[in-house]
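Enquirer: So the chains spell out like this:
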Amino acid sequence: MTSTDQQAFLSVRDLKVHFSTEDGVVKAVDGLSFDLEKGKTLGIVGESGSGKSVTNLTILGLHDRHRTAVDGEILLDGKELTTARESELEKLRGNKMAMIFQDALASLSPYHTIGKQIGETYRKHTGASRAEARKRAIEMLRRVGIPQPDMRVDDYPHQFSGGMRQRAMIAMALVCDPELLIADEPTTALDVTVQAQIMDLLKDLQQEFGTAIIFITHDLGVIADIADDVLVMYGGRCVERGTKEEVLRTPQHPYTVGLLSSMPSLDGPVDVPLSPIPGSPPSLLNPPSGCRFHPRCSFAEKVPGGRCSTERPLLKVEDGRGSACHLTLDQRQEFFADLAATRH
Amino acid sequence: MSNTKPLLDVTGLTKHFPVKGGFPIRRTVGAVQAVDGLDFQVNEGEALGLVGESGCGKSTTGRLITRLLEPTGGKISYRGQDITHAGRKALAPIRSEIQMIFQDPYASLNPRQTVGKIIAGPMEINDINPAGGREKRVRELLEIVGLNPEHYNRFPHEFSGGQRQRIGVARALALEPKLIVADEPVSALDVSIQAQVVNLLQKVQQELGIAFVFIAHDLAVVRHFSQRVAVMYLGKIVEIADRDDLYDNPRHPYTRALLSAVPEATVDETPARERIRLQGDVPSPLNPPSGCRFRTRCWKATEKCATEAPPLVQVEGNKPGHLTACHYPETEGTIPAPRLSKDPQAAS
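Taken in order, these protein sequences are the chains called E and F. Residue numbering for the first sequence is 1 to 344, as defined by the working numbering. Residue numbering for the second sequence is 345 to 692, as defined by the working numbering.
No lab work stands behind these hints: they were computed from the structure. By construction, the Cβ of each residue, glycine as well, lies at the ideal position given by its N, Cα and C atoms. Among the hints, erroneous ones may be present.
[Stated by the list, open to error] Short derived list, chain E residues pointing at chain F, Cβ under 7 Å:
1) Glu47
2) Ser48
3) His218
4) Asp225
5) Leu248
6) Ser265
7) Leu274
[Claimed, not checked] Between beta-carbon pairs, the in silico distance windows are:
8) F:Glu647 <-> E:Gln207: 35 to 41 Å
9) E:Asp150 <-> F:Asn470: 57 to 63 Å
10) E:Phe209 <-> F:Glu484: 33 to 39 Å
11) F:Glu468 <-> E:Pro273: 30 to 36 Å
12) E:Asp150 <-> F:Leu413: 39 to 45 Å
13) E:Ser298 <-> F:Lys480: 32 to 38 Å
14) F:Asp612 <-> E:Asp103: 31 to 37 Å
15) E:Gly24 <-> F:Asp383: 55 to 61 Å
16) F:Phe367 <-> E:Phe209: 43 to 49 Å
17) E:Val272 <-> F:Gly477: 34 to 40 Å
18) F:Lys461 <-> E:Asp150: 53 to 59 Å
19) F:Asn454 <-> E:Glu245: 43 to 49 Å
Next up, chain E with everything else stripped away, as it sits in the complex (with noise of 0.2 Å):
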């Protein structure tokens, strides 16, 4: 994935978010590290509580300075960003980074206008007048696929479905042609048919622009089709990672491993009671010692010495591949070939 001669666009190292509640400190990211090249797609996988979304809200800034100790590194095109100020990161977002949330609705300010909100973020960054910033705004929709840009420019979000108001967030987003775009499971909330839509146009933007793109579902199949590059987390760590092809092809860690066989496919066995993973995401309160997987993990009792409980297995990573498990690779292969097998 990277070489070490050449730094990545986005480069996160050992990076550790806590905060500090009144029961205790959540631990909601626990040493994560990933690179993202311009022009490609990272895909991060995860459930409640992984921490998907934290990494990406404290890559922003937008983490509570008082409440959250952030540790580790995030360069983001050769600039530090963990230690940058607010006035500097002021400048970056919605300029150099965008974000795109899940919940367009809740994220677009009732009260104005969707071309003053995208306009808005425009006149912050380039200084622009008013009618500068309106056409700007109405080239971005048109962009993205919204019909009669012109007239909607001046619609209120409730004025527009939920596809829309999507797409008027990536408008938003992009209005400043940023190199990173995060996009915070954008799709959950939409029907398939839109969501393929959404889809469609950030890959085309992508190959346009070339845009670095972090992209976190906890849908295995958005990833597939959208992402070149995938990182599964669980319970604040990466547990596997690798190409999509890799990850989806051949698991190396059993959480990605239950994920793909606990998902019911269009084309795979009906009459056979899914596979579910047992249990419940941890808490990030108290989470489990050792490996964060292993209550939930069938494989746990493989490992002698009861490994999984007492040490926390280190993320093995080679040529941009790896996992974090005491199996070793043969037993993984052994194993997770039967369950492979029973999904198709």
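Add chain F to chain E, keeping to what the hints say.
Expert: Leaving out everything else, chain F in the frame of chain E:
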């Protein structure tokens, strides 16, 4: 298909919600045609999947079947009895037989009641005292849904989303229903938990012989769970068939587009399913397109589609029970059989 009478028989089911407006005197200025002339049946012990996107009317249909809403047209028959406009008294004995599971596990449980009280609620309301007492029954139900019976006195907030959904299932089972309407029962759950709840519902269906109307937008989940599937668009059923017939041989362009839009977690060199990308958004149910409602997004719509609404019938080439509402149904078999990356010989 059995020759016995269906458990639930719905004909011409319609629900229009009036829209009021005007100044200074408010009057009805239009109607949201949420559900517009549905025909379908559910047999005993059978699961009917109802799929469609936002605004297609599937949730409204669920509420009409359970009579949480009253239809503005058409007929609902339950076990031969007409319940379309039945009043509370007439519905009372039937209410225990038709139960509902809701989508939001956080909103559908009263946070101020213990789990035991929530599950016993239906029994209290209907004045039902099972042999052995209500508490015993509640503990039984907690076990059936895979929860610890000792948690009888806990409150909803002490449970996770998936567990709360199980509580919702337990509550729906309390009165030993014959039919459960599950309205998006797993959409709000994490992926790894969805499978747990789907398995639970299947177990319930098979072991207790309960019929289901399974409302969802996730086509893969619906395929896994249902014996028959109906596809809805803007208040109408556009296609209905036995599960395998629908997924293997979808004839309606919308069904095809819907299936093609589902992202699959596989990486293959050549895609197994053809890609169709629909343009635009779903029209408003306040003012649905004339004739065929799908025509504004359909790539093969003609003038006929604008003037004549296509009937839901068995078109040529379909197996019995497979009905399609389209003037120009897709040619059968043009979708390549999904390729299994391990065994290219085996078609589904």
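Enquirer: None of the hints should be skipped; say for each whether it holds.
Expert: Do the hints match the structure? See the list:
1. Glu47: This interface hint holds because 4 Å falls under the 7 Å limit.
2. Ser48: This interface hint holds because 5 Å falls under the 7 Å limit.
3. His218: Since chain F brings a Cβ to about 5 Å from E:His218, closer than 7 Å, the hint holds.
4. Asp225: holds (5 Å)
5. Leu248: It holds, given that the least Cβ distance between E:Leu248 and chain F is near 5 Å, below 7 Å.
6. Ser265: This interface hint holds because 5 Å falls under the 7 Å limit.
7. Leu274: Check passed: Cβ of E:Leu274 comes within 4 Å of chain F, closer than 7 Å.
8. F:Glu647 <-> E:Gln207: 35 to 41 Å: Holds, at about 38 Å.
9. E:Asp150 <-> F:Asn470: 57 to 63 Å: With Cβ atoms ~59 Å apart, the hint holds.
10. E:Phe209 <-> F:Glu484: 33 to 39 Å: Given about 60 Å between the Cβ atoms, the range is violated.
11. F:Glu468 <-> E:Pro273: 30 to 36 Å: holds (34 Å)
12. E:Asp150 <-> F:Leu413: 39 to 45 Å: Holds, since E:Asp150 and F:Leu413 (Cβ atoms, about 40 Å apart) stay within the stated range.
13. E:Ser298 <-> F:Lys480: 32 to 38 Å: This hint holds: roughly 34 Å between Cβ atoms.
14. F:Asp612 <-> E:Asp103: 31 to 37 Å: holds (33 Å)
15. E:Gly24 <-> F:Asp383: 55 to 61 Å: For E:Gly24 and F:Asp383 the Cβ distance comes to about 58 Å; the hint holds.
16. F:Phe367 <-> E:Phe209: 43 to 49 Å: Holds, since F:Phe367 and E:Phe209 (Cβ atoms, about 48 Å apart) stay within the stated range.
17. E:Val272 <-> F:Gly477: 34 to 40 Å: holds (38 Å)
18. F:Lys461 <-> E:Asp150: 53 to 59 Å: The hinted range 53 to 59 Å holds for F:Lys461 and E:Asp150, with Cβ atoms some 57 Å apart.
19. F:Asn454 <-> E:Glu245: 43 to 49 Å: holds (48 Å)
Checked against the numbered hints above, the structure violates only hint 10.
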